[in-house]
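K.L.:
Got chain A sorted already, so can you dock chain B onto it with the hints?
These protein sequence lines map, in sequence, to chains A and B.
Be aware that the first sequence starts at 5, since it is given in this note's numbering, and climbs by one per residue.
Be aware that the second sequence starts at 5, since it is given in this note's numbering, and climbs by one per residue.
The set of hints was computed from the structure by calculation and includes no laboratory data.
For glycine and all other residues, C-beta sits at the position ideal for the given N, C-alpha and C.
Mixed in with the good hints, there may be bad ones.
[Unchecked claim] Listed below are the simulated EDC-like cross-link pairs for lysine to aspartate or glutamate, each with C-alpha atoms no more than 20 Å apart in a straight line: (1) B:K178 with A:D77; (2) B:K182 with A:E9; (3) B:K170 with A:E21; (4) B:K16 with A:E9; (5) B:K178 with A:E16; (6) A:K63 with B:E135; (7) A:K68 with B:E41; (8) B:K18 with A:E21; (9) B:K15 with A:D77; (10) A:K20 with B:E157; (11) B:K178 with A:E45; (12) B:K131 with A:E56; (13) A:K63 with B:D128; (14) B:K124 with A:E45; (15) B:K170 with A:E9; (16) B:K178 with B:D127; (17) A:K68 with B:E20; (18) A:K68 with B:E22; (19) A:K68 with B:D46.
[Claimed, not checked] Below, a sample of chain B positions facing chain A; criterion: calculated Cβ distance under 10 Å: (20) F19; (21) L35; (22) E43; (23) E45; (24) L53; (25) I79; (26) F105; (27) F122; (28) K131; (29) S154; (30) L173; (31) L184.
[To be verified] Some chain A residues flagged as far from chain B (calculated, every beta-carbon gap over 12 Å): (32) A52; (33) P61; (34) I228; (35) K244; (36) I252.
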Amino acid sequence: MTCQEALRLLYEVINKEASQIDAKKVKEHLHNCRDCMQRYEFEAMFQAFVTEKGNSPCKTEQLKNRILSKINDHETKPLGFFTRYKKYLFLAAGALVVFIALALTISQLYQHNSFVYPFEKSHLDNFATAIPSDNIENLTAVKNYLSSHVQIELRENIVGFKLQNAGFDEILGKKYAHLYFVKDNSHISIFVGNPSDTYLPGFSKISLPDKEIFEHVCAQCRIIYWKHNNAIIIGVTEDKNLEMASMIPLL
Amino acid sequence: MENRNSGNDKKKEKFEAEALVHLDSLYRTALRMTRNEGEAEDLVQETLLKAYRFWDKFEEGSNCRAWLFKIMTNIFINNYRAKSRMPQVIDLEDVDDDFLFGQLSALGPSDNPEQHFFAKVFDDDVKKAVEELPEDFRMVVVLSFLEGFSYQEIAEIAGLQIGTVKSRLHRGRKLLQKALWDYAVKNGFIKEAAR
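Isolated chain B, as found in the complex:
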């Protein structure tokens, strides 16, 4: 009994030091994916408890954070994704790759429109824009933009081909830029810039 307890204490200590330190990052992503605090907490809790249960399966020295995100992504896809998920049809054909840059450049070379623009976008707008991305794009955008995973890591976490990761990131980025531009317009950026 004594041995088991000390073994468990050690396991718990190691788990806290190596896995629980990623709690914030997991929660942030869960929040962006579920768009709901309660569900995000449940998702993270489920993820970490599962990770703890399979802690001995985790290969020491490998990327713990990526491992945790893989577990979470699986749980999310299986249990949290909207049940009646419609195929995601996104028409991006009319959005240029340099959409945002083009819009801002068009405002005139005089000032520094980028700086103005970024200053005009609220933190919440960014979060909202991310959350409103269609799920498939949202996942890769969050993993890349917010969590800084490499394409290869994202491919493993989300179970995608690396080419799919790249194309989803590309389209996700365009959607994000378009959404942020729309917010900025709504927030009165254009008016101010035009003045």
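With the rest of the complex left out, here is chain A:
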């Protein structure tokens, strides 16, 4: 190996980066070449000198504490709000769902109790104390009321339902003609009121080809209403199997 070759590999030898073969060759050369050896020793010394002087200890205690406390903060923060509070968010969402369901139930119950129940009660009361249809006085009054106020002609027997009783009820502060129909074990009350601006909340709209009907189905009863000639007509039945729309032809 020449001096030039040895010097070219000098730093790789000092840095222990030369291959074993190269390192061996360089070292052999150094042992035989005083100049190169001196240069090698100097460069090795220089390397060690810079390493030593450049690496004086530094004070990093404070920095370490700062980083550790940041890590502790970070422990939760970078996870993000969602991950951190996931459990609570789910709980809150669950609670909200329960709350909404409860609110809906309560509101339905309230609507039912306030607006549906009076009709339902009237229907069931008359059902319990059904008076035979020979109550001519009442029937005539109801007929007159229907023809003069809402221009409806009362039919006593239709689609198998027979008019069994008729009279007047006051429900929610309004006067209604109450017609009571029977077919087998099904009973239907039809209430006819005036004016038609009566609004019953808690009903959902179903559209039939020629009419808009509002229905309310609950555990207790089935009730529908629709508008006819400036009148409101309300049908109630306790029969859960009865087609709602089958009440319509009754008037």
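P.N.:
Positioned in the frame of chain A, the structure of chain B alone reads:
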């Protein structure tokens, strides 16, 4: 919750034992690279917090220190390097490979000029000489001379070809020797040696 906490404690413990132990070495390098204590602290903090965040990406058994330096080098290059960086033109043609050795040899064979020289250079001079190296050279010089990384490791940390690492080290070393010689002259080494 309990599980997560104990998991985190374990992670933190491991991080402290394997990563935070390199704090001094990271800070030293950061200081040489940024030349500013505040920035160096920020750089190291950013590095370690990032490392902590990606701790699960660190392959166990691989070189944690090199991994940390790679993270730090990336952050430094992206965020800390002078924005209006001029291309670094360094004329080293007139500096011989054996510049310092030659200068010292020329002082005379009688004494032990190297020993004298090294004794005359202050610690701060070395740091200053390193810090005044152009950035590209400074990085490889710091990683090699001060942190003892292998050429291969430096190549990976700094994202360079191994040949580039070698040539930058070579030129960085020459610049360093020239700078230290100049300091020594300024410090009165020549006068004393000549006496």
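K.L.:
None of the hints should be skipped; say for each whether it holds.
P.N.:
Structure-based check of all given hints:
no.	hint	result
1	B:K178 with A:D77	violated, 46 Å
2	B:K182 with A:E9	violated, 23 Å
3	B:K170 with A:E21	holds, 10 Å
4	B:K16 with A:E9	violated, 50 Å
5	B:K178 with A:E16	holds, 15 Å
6	A:K63 with B:E135	holds, 19 Å
7	A:K68 with B:E41	holds, 14 Å
8	B:K18 with A:E21	violated, 32 Å
9	B:K15 with A:D77	holds, 14 Å
10	A:K20 with B:E157	holds, 13 Å
11	B:K178 with A:E45	holds, 16 Å
12	B:K131 with A:E56	holds, 11 Å
13	A:K63 with B:D128	holds, 16 Å
14	B:K124 with A:E45	holds, 18 Å
15	B:K170 with A:E9	holds, 16 Å
16	B:K178 with B:D127	holds, 18 Å
17	A:K68 with B:E20	holds, 10 Å
18	A:K68 with B:E22	holds, 14 Å
19	A:K68 with B:D46	holds, 12 Å
20	F19	holds, 7 Å
21	L35	holds, 7 Å
22	E43	violated, 12 Å
23	E45	holds, 5 Å
24	L53	holds, 6 Å
25	I79	violated, 14 Å
26	F105	holds, 5 Å
27	F122	holds, 5 Å
28	K131	holds, 6 Å
29	S154	holds, 7 Å
30	L173	holds, 7 Å
31	L184	holds, 8 Å
32	A52	violated, 9 Å
33	P61	violated, 7 Å
34	I228	holds, 53 Å
35	K244	holds, 49 Å
36	I252	holds, 60 Å
Violated hints, listed in ascending order, are 1, 2, 4, 8, 22, 25, 32, 33; each of the other numbered hints is respected by the structure.
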